[in-house]
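Enquirer: In order, the protein sequence lines correspond to chains F and H. Counting in the numbering used here, the first sequence runs from 10 upward without gaps. Counting in the numbering used here, the second sequence runs from 18 upward without gaps.
Among the hints, a few may not be true.
What the hints assert, rightly or not - To spell it out: a stretch of chain F is covered by chain H in this simulated footprint if at least three of its residues, at any positions, have a beta carbon under 8 Å from a beta carbon of chain H; those stretches are:
(1) 18 to 32
(2) 176 to 184
Claimed, not checked - What follows is a set of in silico ranges between Cβ atoms, one per label pair, in the way DEER data are often shown:
(3) F:Ala134 / H:Ala72: 46 to 54 Å
(4) F:Glu58 / H:Pro44: 35 to 43 Å
(5) H:Ala82 / F:Pro288: 37 to 45 Å
(6) F:Gln237 / H:Ala106: 41 to 49 Å
(7) F:Arg467 / H:Ala109: 49 to 57 Å
(8) F:Arg90 / H:Lys42: 44 to 52 Å
(9) H:Thr43 / F:Gln376: 20 to 28 Å
(10) H:Ala59 / F:Ala134: 31 to 39 Å
(11) H:Ala59 / F:Asp311: 44 to 52 Å
(12) F:Ala235 / H:Asp111: 32 to 40 Å
Stated by the list, open to error - A short, non-exhaustive set of chain H residues, derived as facing chain F with CB atoms under 10 Å:
(13) Met77
(14) Lys79
(15) Leu115
The hints are simulated quantities; they were obtained by calculation from the structure and are not laboratory data. The beta-carbon is built from N, C-alpha and C at its ideal position, and this holds for glycine as well.
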Amino acid sequence: MHTTLLLDMAADAAPDRLALGRRGEGLTFAELQRRARAGAVALAALGGETVAFIGLNGPAMAVAIFASGLLGKPFAPLNYRLSDADLGRLLARTAPSVAVVDDDMLGRLGTPPGVTLMSRSAFDAACMVSSNVELPYVEPDIGVLLFTSGTTGEPKAAILRHSNLTSYVISTVEFLGSDEDEAALVSVPPYHIAGISAVLTGVYGGRRIVHLEAFTPEAWVEEATAEQITHAMVVPTMLGRILDILEARGAGLPHLKALSYGGGRMPQPVIERALRELPHVDFVNAYGLTETSSTVAVLGPDDHREAISSTDEAVRKRLGSVGRPLPTLELEIRGADGEVLPAGQSGEIYVRGEQVSGEYTHKKVVQDDGWFATNDGGWMDEAGYLFVEGRLDDVIVRGGENISPGEIEDVLREHPNVADVAVLGLPDDEWGERVAAAVVVKDGVPIAGDLADWVKARLRSTKTPDVWSFRDALPYNDTGKLLRRQLKVEMGAVGQSSPAT
Amino acid sequence: MELKPGSRWKSVVCDTEVVVVRAPKTPISLECGGQLMVAHAAAKPEGLELSPDHASGSQMGKRFADEGSGIEVLCSKGGAGSLAIDGQALGAKDAKKLPASD
Numbered sequence: 010m011h012t013t014l015l016l017d018m019a020a021d022a023a024p025d026r027l028a029l030g031r032r033g034e035g036l037t038f039a040e041l042q043r044r045a046r047a048g049a050v051a052l053a054a055l056g057g058e059t060v061a062f063i064g065l066n067g068p069a070m071a072v073a074i075f076a077s078g079l080l081g082k083p084f085a086p087l088n089y090r091l092s093d094a095d096l097g098r099l100l101a102r103t104a105p106s107v108a109v110v111d112d113d114m115l116g117r118l119g120t121p122p123g124v125t126l127m128s129r130s131a132f133d134a135a136c137m138v139s140s141n142v143e144l145p146y147v148e149p150d151i152g153v154l155l156f157t158s159g160t161t162g163e164p165k166a167a168i169l170r171h172s173n174l175t176s177y178v179i180s181t182v183e184f185l186g187s188d189e190d191e192a193a194l195v196s197v198p199p200y201h202i203a204g205i206s207a208v209l210t211g212v213y214g215g216r217r218i219v220h221l222e223a224f225t226p227e228a229w230v231e232e233a234t235a236e237q238i239t240h241a242m243v244v245p246t247m248l249g250r251i252l253d254i255l256e257a258r259g260a261g262l263p264h265l266k267a268l269s270y271g272g273g274r275m276p277q278p279v280i281e282r283a284l285r286e287l288p289h290v291d292f293v294n295a296y297g298l299t300e301t302s303s304t305v306a307v308l309g310p311d312d313h314r315e316a317i318s319s320t321d322e323a324v325r326k327r328l329g330s331v332g333r334p335l336p337t338l339e340l341e342i343r344g345a346d347g348e349v350l351p352a353g354q355s356g357e358i359y360v361r362g363e364q365v366s367g368e369y370t371h372k373k374v375v376q377d378d379g380w381f382a383t384n385d386g387g388w389m390d391e392a393g394y395l396f397v398e399g400r401l402d403d404v405i406v407r408g409g410e411n412i413s414p415g416e417i418e419d420v421l422r423e424h425p426n427v428a429d430v431a432v433l434g435l436p437d438d439e440w441g442e443r444v445a446a447a448v449v450v451k452d453g454v455p456i457a458g459d460l461a462d463w464v465k466a467r468l469r470s471t472k473t474p475d476v477w478s479f480r481d482a483l484p485y486n487d488t489g490k491l492l493r494r495q496l497k498v499e500m501g502a503v504g505q506s507s508p509a510t
Numbered sequence: 018m019e020l021k022p023g024s025r026w027k028s029v030v031c032d033t034e035v036v037v038v039r040a041p042k043t044p045i046s047l048e049c050g051g052q053l054m055v056a057h058a059a060a061k062p063e064g065l066e067l068s069p070d071h072a073s074g075s076q077m078g079k080r081f082a083d084e085g086s087g088i089e090v091l092c093s094k095g096g097a098g099s100l101a102i103d104g105q106a107l108g109a110k111d112a113k114k115l116p117a118s119d
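Could you put together the complete structure from these sequences and hints?
Expert: Shown next as structure tokens:
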């Protein structure tokens with residue numbers, strides 16, 4: 010099924026409903042459909058086999074997704090925050106292509122071979138032209154090419170087919186199931202899978218989408234208030250900053266009904282604070298990957314409320330889980346030899362389902378039987394709640410023992426003087442790897458020994474970091490992913506470690 | 018008829034259109050309003066009428082599934098005719114609404 014059919018259906022059934030943008034100046038579904046067609050005609054004239062997009066969030070991004078879809082060309086949003094050299098390399102990988110580029114970013118790109126550049130203002134103008142050109146029907150194939158964030162190496166181009174994307178949309182969203190006064194604030198960038206899926210599910214569900222050009226907590230709170238936002242998705246690093254602004258301003262978010270989060274590990278103190286300070290909001294933790302067309306497991310609002318108010322330790326702990334797999338797909342935990350592991354045992358998370366692509370431009374990594382190895386470690390409890398431990402590449406192997414950094418980070422985060430923490434492995438002659446911690450303290454003098462005792466008392470000595478580094482901040486990319494590799498290089502190279510005792 | 022996933026079909030007696038979400042495991046006939054549906058791009062044959070036995074309507078956005086054959090279709094345009102396979106009415110699937118995660 011074609012992603013443009015999602016828009017055609019919404020435009021057919023609710024042509025006058027607002028689809029995109031602010032009240033008073035937004036685009037209706039009929040207008041979005043008209044602009045997508047005009048945009049497709051303009052893009053077709055420029056040739057290329059892929060439509061790249063380099064720019065801030067906004068209506069043009071949504072129009073470009075559907076325009077590309079109409080042409081049967083993959084939509085490839087690129088990370089404009091990369092250095093000019095890295096961005097240029099990614100753009101070159103899309104050739105032969107046409108690229109829609111924000112006007113003030115054009116100067117960064119030069120004249121890449123095989124790429125025709127179109128300024129965003131020219132694209133916007135072309136979308137306004139009324140056109141009678143009939144676009145030929147194109148069999149749906151690749152809908153989106155999404156470069157992974159590359160925190161562990163050169164970015165990979167993940168392939169998402171129209172069939173993966175539409176399968177995700179129609180199995181998780183009810184057609185026009187949203188009330189007309191609902192509006193979603195999208196603050197994840199266009200090159201994040203959640204930014205793509207937000208457009209598709211928003212359109213199919215009939216929920217107005219308001220794009221925040223670029224995230225700042227101030228702008229987020231102001232837009233959410235002014236546009237009476239009812240739904241939003243944030244990455245974990247955004248949530249704490251939003252709560253800080255609300256607290257400083259003594260403001261609430263009276264219109265907000267649901268807030269989902271994902272894209273990284275949510276520190277438990279932050280979500281607990283959010284539940285306390287925004288009791289009227291339904292919180293949803295969504296776990297997913299680019300390669301799975303977004304969400305594969307959700308911890309729903311009732312799960313959150315049950316966990317926070319429970320006296321049962323196992324139920325409380327679920328606040329740190331990503332909930333249960335979607336009913337439309339299969340999920341297993343497998344051991345090193347591929348065997349399926351029972352509840353309570355850690356292994357690699359595998360998923361299978363129609364929304365799972367598991368394909369990159371250079372190779373197909375999904376197995377013949379459809380199972381995709383996520384490279385995420387995790388385990389499930391007896392009730393089927395999934396706990397994600399992080400990338401398997403990040404697992405520390407100390408003297409043959411596999412140590413999950415997430416577990417140690419969680420323990421350290423509960424220390425009253427720890428503001429942020431990352432745990433990783435550094436090379437060690439004796440043990441293979443030793444456990445190292447980079448810590449941001451809230452105030453006072455950092456005491457490594459004190460923190461080491463804290464971990465030792467709650468876990469065990471092999472999981473107690475040997476190396477401590479105290480910093481003002483930890484390095485994150487703009488979508489909230491910790492740059493573990495960078496940190497590892499810095500900590501290994503600088504040698505600013507100090508013994509724990 | 019080859020009911021491939023993603024293929025689109027239309028009714029010959031009303032406005033109904035569907036897209037195949039899941040292909041059937043066995044060959045079946047997909048009908049609407051009592052008449053065989055035709056490919057979306059095909060011309061509608063003239064002179065056929067809506068059967069009163071298959072006129073309870075189809076609603077846009079609803080999914081219809083048959084456990085026996087495994088077929089699932091999404092109604093992409095509603096109409097007066099109701100959907101059936103081999104003469105047997107096709108049941109609407111209950112939408113399991115998940116909490117919004119995007």
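Enquirer: Could you tell me which of the hints above the structure violates, numbers in ascending order?
Expert: Going through the list in order, the structure violates no hint and respects every one.
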